[in-house]
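Based on these hints, arrange chain V on the given structure of chain G.
There are 2 protein chains.
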Amino acid sequence: MLQTRILEPTEGAYAYPLLIKRLLLSGGRYEKTREIVYRDQVRLSYRELGERIARLANVLTEAGVKAGDTVAVMDWDSHRYLECMFAIPMIGAVVHTINVRLSPEQILYTMNHAEDRFVLVNSDFVALYQGIAGQLTTVDKTLLITDGPERCVELPNLVGEYEQLLAGASPRYDFPDFDENSVATTFYTTGTTGNPKGVYFTHRQLVLHTLAEAAVLGGDDSVRLLSSSDVYMPITPMFHVHAWGIPYVATLMGIKQVYPGRYEPDMLIRLWREEQVTFSHCVPTILQMLLNCPTAKGQDFGGWKIIIGGSALNRALYQAAQARGIQLTAAYGMSETCPLISCAHLNDELLAGSEDERVSYRIKAGVPVPMVEAAIIDEHGRFLPNDGESQGELVLRAPWLTQGYYQEADKSAELWRGGWLHTGDVATLDSMGFIDIRDRIKDVIKTGGEWLSSLDLEDLISRHEAVREVAVVGVPDPQWGERPFALLVVHPDRQLDAKALKEHLKPFVELGHINKWAIPSQIAVVTEIPKTSVGKLDKKRIRVEIGQWQASNSAFLSTL
Amino acid sequence: MLQTRILEPTEGAYAYPLLIKRLLLSGGRYEKTREIVYRDQVRLSYRELGERIARLANVLTEAGVKAGDTVAVMDWDSHRYLECMFAIPMIGAVVHTINVRLSPEQILYTMNHAEDRFVLVNSDFVALYQGIAGQLTTVDKTLLITDGPERCVELPNLVGEYEQLLAGASPRYDFPDFDENSVATTFYTTGTTGNPKGVYFTHRQLVLHTLAEAAVLGGDDSVRLLSSSDVYMPITPMFHVHAWGIPYVATLMGIKQVYPGRYEPDMLIRLWREEQVTFSHCVPTILQMLLNCPTAKGQDFGGWKIIIGGSALNRALYQAAQARGIQLTAAYGMSETCPLISCAHLNDELLAGSEDERVSYRIKAGVPVPMVEAAIIDEHGRFLPNDGESQGELVLRAPWLTQGYYQEADKSAELWRGGWLHTGDVATLDSMGFIDIRDRIKDVIKTGGEWLSSLDLEDLISRHEAVREVAVVGVPDPQWGERPFALLVVHPDRQLDAKALKEHLKPFVELGHINKWAIPSQIAVVTEIPKTSVGKLDKKRIRVEIGQWQASNSAFLSTL
Numbered sequence: 001m002l003q004t005r006i007l008e009p010t011e012g013a014y015a016y017p018l019l020i021k022r023l024l025l026s027g028g029r030y031e032k033t034r035e036i037v038y039r040d041q042v043r044l045s046y047r048e049l050g051e052r053i054a055r056l057a058n059v060l061t062e063a064g065v066k067a068g069d070t071v072a073v074m075d076w077d078s079h080r081y082l083e084c085m086f087a088i089p090m091i092g093a094v095v096h097t098i099n100v101r102l103s104p105e106q107i108l109y110t111m112n113h114a115e116d117r118f119v120l121v122n123s124d125f126v127a128l129y130q131g132i133a134g135q136l137t138t139v140d141k142t143l144l145i146t147d148g149p150e151r152c153v154e155l156p157n158l159v160g161e162y163e164q165l166l167a168g169a170s171p172r173y174d175f176p177d178f179d180e181n182s183v184a185t186t187f188y189t190t191g192t193t194g195n196p197k198g199v200y201f202t203h204r205q206l207v208l209h210t211l212a213e214a215a216v217l218g219g220d221d222s223v224r225l226l227s228s229s230d231v232y233m234p235i236t237p238m239f240h241v242h243a244w245g246i247p248y249v250a251t252l253m254g255i256k257q258v259y260p261g262r263y264e265p266d267m268l269i270r271l272w273r274e275e276q277v278t279f280s281h282c283v284p285t286i287l288q289m290l291l292n293c294p295t296a297k298g299q300d301f302g303g304w305k306i307i308i309g310g311s312a313l314n315r316a317l318y319q320a321a322q323a324r325g326i327q328l329t330a331a332y333g334m335s336e337t338c339p340l341i342s343c344a345h346l347n348d349e350l351l352a353g354s355e356d357e358r359v360s361y362r363i364k365a366g367v368p369v370p371m372v373e374a375a376i377i378d379e380h381g382r383f384l385p386n387d388g389e390s391q392g393e394l395v396l397r398a399p400w401l402t403q404g405y406y407q408e409a410d411k412s413a414e415l416w417r418g419g420w421l422h423t424g425d426v427a428t429l430d431s432m433g434f435i436d437i438r439d440r441i442k443d444v445i446k447t448g449g450e451w452l453s454s455l456d457l458e459d460l461i462s463r464h465e466a467v468r469e470v471a472v473v474g475v476p477d478p479q480w481g482e483r484p485f486a487l488l489v490v491h492p493d494r495q496l497d498a499k500a501l502k503e504h505l506k507p508f509v510e511l512g513h514i515n516k517w518a519i520p521s522q523i524a525v526v527t528e529i530p531k532t533s534v535g536k537l538d539k540k541r542i543r544v545e546i547g548q549w550q551a552s553n554s555a556f557l558s559t560l
Numbered sequence: 001m002l003q004t005r006i007l008e009p010t011e012g013a014y015a016y017p018l019l020i021k022r023l024l025l026s027g028g029r030y031e032k033t034r035e036i037v038y039r040d041q042v043r044l045s046y047r048e049l050g051e052r053i054a055r056l057a058n059v060l061t062e063a064g065v066k067a068g069d070t071v072a073v074m075d076w077d078s079h080r081y082l083e084c085m086f087a088i089p090m091i092g093a094v095v096h097t098i099n100v101r102l103s104p105e106q107i108l109y110t111m112n113h114a115e116d117r118f119v120l121v122n123s124d125f126v127a128l129y130q131g132i133a134g135q136l137t138t139v140d141k142t143l144l145i146t147d148g149p150e151r152c153v154e155l156p157n158l159v160g161e162y163e164q165l166l167a168g169a170s171p172r173y174d175f176p177d178f179d180e181n182s183v184a185t186t187f188y189t190t191g192t193t194g195n196p197k198g199v200y201f202t203h204r205q206l207v208l209h210t211l212a213e214a215a216v217l218g219g220d221d222s223v224r225l226l227s228s229s230d231v232y233m234p235i236t237p238m239f240h241v242h243a244w245g246i247p248y249v250a251t252l253m254g255i256k257q258v259y260p261g262r263y264e265p266d267m268l269i270r271l272w273r274e275e276q277v278t279f280s281h282c283v284p285t286i287l288q289m290l291l292n293c294p295t296a297k298g299q300d301f302g303g304w305k306i307i308i309g310g311s312a313l314n315r316a317l318y319q320a321a322q323a324r325g326i327q328l329t330a331a332y333g334m335s336e337t338c339p340l341i342s343c344a345h346l347n348d349e350l351l352a353g354s355e356d357e358r359v360s361y362r363i364k365a366g367v368p369v370p371m372v373e374a375a376i377i378d379e380h381g382r383f384l385p386n387d388g389e390s391q392g393e394l395v396l397r398a399p400w401l402t403q404g405y406y407q408e409a410d411k412s413a414e415l416w417r418g419g420w421l422h423t424g425d426v427a428t429l430d431s432m433g434f435i436d437i438r439d440r441i442k443d444v445i446k447t448g449g450e451w452l453s454s455l456d457l458e459d460l461i462s463r464h465e466a467v468r469e470v471a472v473v474g475v476p477d478p479q480w481g482e483r484p485f486a487l488l489v490v491h492p493d494r495q496l497d498a499k500a501l502k503e504h505l506k507p508f509v510e511l512g513h514i515n516k517w518a519i520p521s522q523i524a525v526v527t528e529i530p531k532t533s534v535g536k537l538d539k540k541r542i543r544v545e546i547g548q549w550q551a552s553n554s555a556f557l558s559t560l
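Chains G and V, in that order, are what the protein sequence lines are.
For the first sequence, full-length UniProt numbering assigns the number 1 to the initial residue and increments by one for each residue that follows.
For the second sequence, full-length UniProt numbering assigns the number 1 to the initial residue and increments by one for each residue that follows.
One chain only, chain G, in its complex shape (with noise of 0.2 Å):
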């Protein structure tokens, strides 16, 4: 290490740690027009928040929380999970945001494996909670949520309600400083096998990537995502990743917030109209679903202005957005990455090209925002050059990546092997910095000794004007190692079959964009495509589900 003259930040008078309360501002410096909104139950000035999230302070430490404990939600996204996103890391407790989503067992699972000591329960989530309880072995008390008037649901160990015991409790909290390398969030993602495992922030990350992410989000023009005058709703859940790092910019910024609760479309778009929502973050699943839903029908969603992430984001639905007015911005991010790496905004030189081009940038993962490393090594672990044509796995350096997983010491040194957070994702880099994801490593479909990427292949098949939706993957081939299998949903008034499929696909091979072994012998034609937890499609589940109708012959299929 250089002998640098070296000062130590964390002793004397001006030691100033990176807090998660430091986001916060003074009520005051809040625009007194601005809320947060839940559905349309709730709405709150942000010194409302500010006291309620002190008067949250005050319940839990009386209910015997103490600094480093570990305290679980189970809520749906709302102005209260707001309050425990800051409240519970600002009295030096771990927030455990849980994944609603998750089986039963893999709840029980994550609970038991984080330690969780408290839990906070909606009463949506009652019985699910009770179902659970008597295997929990680490939970010491639990706190009832609830939104209408059924507010003496039974749960074992309960300290109260919610709202009857923020209503009982000081609005005054003295929140403590300290080392701004404890851990503040905790979180479960689903890997394709094993357990869930745990990634944890620390303060000192939260702030850095709210920092740079208000920073990139404000500061570009080619699309200017978020300004103080925006209005924003997430419509991915607050356990997923802190809703993507977003509530907490939108604290710091003091934009009004809308918590839509469950995401029904319905709910979604009313509020969305009667809200004025501008700015949401969804994954491309999400998106769709609220494309096609009923209420959406003819609808013009002009102004809005929509982060896609969490999966690939193909051309077919940022067109279908596009036609009806909103704005689509990539961005990409995983779990253990807080999530926020890369944003599709687009340079000057970018800017000038076809629309088509355009699009074509819109939808990758972006140029890496401030503050992160990244780059592509070959399976001997060397680094390839940013050339856009060399493919390898995507590694990343940056000040918010966790540092592995919690209690799993040899997935976490694999993880970090190298010095680099391993993505797990296959990518090129080119030299404007614009990364572009090709697939996960473990969803390229080696076919004739060429590796195809299942998402160039979900991205050309989504241009065919009946295709809703699309999931390909590599099934077993005696031939050829692996074939490409697609799985479709298709609009309702319109059919499409393996042989008109690989005549929508021979244009491209003979352009050259793929070889014509990518073109699948074999699809199904199915109602829904199975989704994990986050709505992504689960490959994992479409691969053994393919080999079960294929086993038993099934109606779905149509084979060229």
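Mixed in with the good hints, there may be bad ones.
Each pair may be met inside one copy or between any two copies, as identical chains are not told apart.
Claimed, not checked - Simulated crosslink set (EDC-like; lysine to aspartate or glutamate; CA at most 16 Å straight-line):
| no. | residue 1 | residue 2 |
| --- | --- | --- |
| 1 | 32 | 430 |
| 2 | 21 | 373 |
| 3 | 540 | 275 |
| 4 | 411 | 528 |
| 5 | 141 | 179 |
| 6 | 411 | 154 |
| 7 | 21 | 140 |
| 8 | 536 | 408 |
| 9 | 21 | 179 |
| 10 | 411 | 378 |
| 11 | 32 | 348 |
| 12 | 442 | 356 |
| 13 | 32 | 349 |
| 14 | 305 | 349 |
| 15 | 446 | 456 |
| 16 | 499 | 477 |
| 17 | 21 | 378 |
| 18 | 66 | 177 |
Just so you know, these hints were derived from the structure itself, not from any lab.
Chain V alone, transformed into the frame defined by chain G:
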């Protein structure tokens, strides 16, 4: 300290210190069309800038500069200065940005006090340097910077000429990681008494300041100060708190940057026009000079956004600039604070007010930027209410405040007493968080048992149409303790005496804005008001001169 779950971020594979090198994006991520311009002499792409930073790092390393060494720069504002602000800290050394407007004795003092080992000297300062070289106690080597062909100037222990050395060096340098708490920059601030004092900032502090400043400048609507398509030209020297940190922000955002060298009005206006500058920052006196210079006569500066700081912005100057198309925004900070503390962004409520009300807020110090805590205290250190009325010393906490004055333990302890940085400014804070600087503590005038703000009186006097510049100080008075004394520069074709000034101020007495003893009974009309090396009113010198005039009954004086 609470027992939180602490993760050490500086150990292990995931260690990612906040270093200045992270602000420099990889070359490809910058717009190809955006340049770094130095007068009409040099145009660089960001890629070239990156290479030149590496070349300079190689030159310095080969010349023997080691991590921990202090490297001084004596240059005009230039691309080379920007290169120094990156390359020197990036090799673990400390860049000392020398205030070239100080007297030779003061420069000598600061260089010995900072223990400078290596000095880069622009040929314009060679004579000055040679005058003090014999008394420098720590300097080993010098490096010459030249603009023109005069590349063989004599300097003691000369390593060579900047451009020649860079041309011969490698454009690659593997910049190492090290502790983010390493000192990166230092410079000296001149107080009213005693020697200049050295403040210093770490890599971590500068990175945090840059991210927060980028978020603040990009994220607000009332005046969106900076976006990636802006063109930036500093009009505050780079030795003055890193030109307020904006060169780091501009580099992070990849904005076109224009460096004017010396601050000659003609060059500034020419560059503004030819390079289409849209964003600058300066102190009020420099703006005044610019508006009044012959080249600017009748010029419409439409579209130019200028941040004003360093001294209070008065209404007359605000309106004069506005009439010429310039959008001014006040900001507040000081050498000790890196500097950004607050910015006069208007909220919706204020924007809805009358033009007069809006202006009265736009010229205040503004609201604290994210991560900054501001409070006011009385002389016993007790916190005062944020009611817009109570006046007290403004004290601050933030992650980017200097830890003290270099090798001045007593003054450092005084700066940080009670765990807050003491600004020496008297201010009010209102319920919206707005900071209104009332005066420097030492410039408050104690008259008739009341405190009178010299800034208030300057503001009211500046509204007289004959007044071009004004400075108010307290002078001893046997009856009143102190009485205000106004020093004035009047417009060339106008006149003003103490009687006319009294008539101008009487309505404000009647409105209750000031007490009647706030009306100066004696004024002086001069052609120039003494300024400090960074363009602020030099009230120390003003007081001395007034005493001399009063003793000699100077013709400058006008008495009621």
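Evaluation of the provided hints:
1. Only between protomers do residue 32 and residue 430 lie at most 16 Å apart by alpha-carbon distance; the minimum there is 14 Å, versus 45 Å within a single protomer.
2. With identical chains, the CA atoms of residue 21 and residue 373 are at most 16 Å apart between copies only, with a shortest distance of 11 Å across copies and 28 Å within one.
3. Taking the closest pair of Cα atoms, residue 540 and residue 275 never come within 16 Å of each other, the shortest separation being 39 Å inside a single copy and 56 Å across copies.
4. For the homomeric pair residue 411 and residue 528, neither the shortest alpha-carbon distance inside one copy (33 Å) nor that between copies (71 Å) is at most 16 Å.
5. Neither within a single protomer nor between protomers do residue 141 and residue 179 lie at most 16 Å apart by alpha-carbon distance, with minima of 27 Å and 42 Å respectively.
6. Proximity of residue 411 to residue 154 under the C-alpha cut-off of 16 Å is found in neither arrangement, the shortest distances being 39 Å within a copy and 62 Å between copies.
7. With identical chains, the CA atoms of residue 21 and residue 140 are never at most 16 Å apart, being 26 Å at best within one copy and 47 Å at best between copies.
8. Taking the shortest alpha-carbon separations for residue 536 and residue 408, neither the intra-copy value of 24 Å nor the inter-copy value of 59 Å comes in at or below 16 Å.
9. In this homomeric assembly, residue 21 and residue 179 come within 16 Å of each other (Cα to Cα) only inside a single copy, at 13 Å, whereas the closest approach across copies is 25 Å.
10. Taking identical chains as interchangeable, the C-alpha atoms of residue 411 and residue 378 are never at most 16 Å apart, the minima being 20 Å within one chain and 56 Å between chains.
11. Taking the closest pair of Cα atoms, residue 32 and residue 348 come within 16 Å of each other only across two copies (8 Å); inside a single copy the shortest separation is 38 Å, beyond that limit.
12. For the identical chains of this complex, residue 442 and residue 356 are neighbours neither inside a copy (30 Å) nor across copies (64 Å), given an alpha-carbon limit of 16 Å.
13. In this homomeric assembly, residue 32 and residue 349 come within 16 Å of each other (Cα to Cα) only across copies, at 8 Å, whereas the closest approach inside a single copy is 41 Å.
14. Taking the shortest Cα distances, residue 305 and residue 349 never come within 16 Å of each other, neither inside one copy (22 Å) nor across copies (26 Å).
15. Within a single copy, residue 446 and residue 456 get their C-alpha atoms as close as 14 Å, which meets the 16 Å cut-off; across copies the closest is 76 Å, which misses it.
16. For the homomeric pair residue 499 and residue 477, neither the shortest alpha-carbon distance inside one copy (20 Å) nor that between copies (101 Å) is at most 16 Å.
17. For the homomeric pair residue 21 and residue 378, neither the shortest alpha-carbon distance inside one copy (42 Å) nor that between copies (26 Å) is at most 16 Å.
18. With identical chains, the CA atoms of residue 66 and residue 177 are at most 16 Å apart within one copy only, with a shortest distance of 14 Å there and 36 Å across copies.
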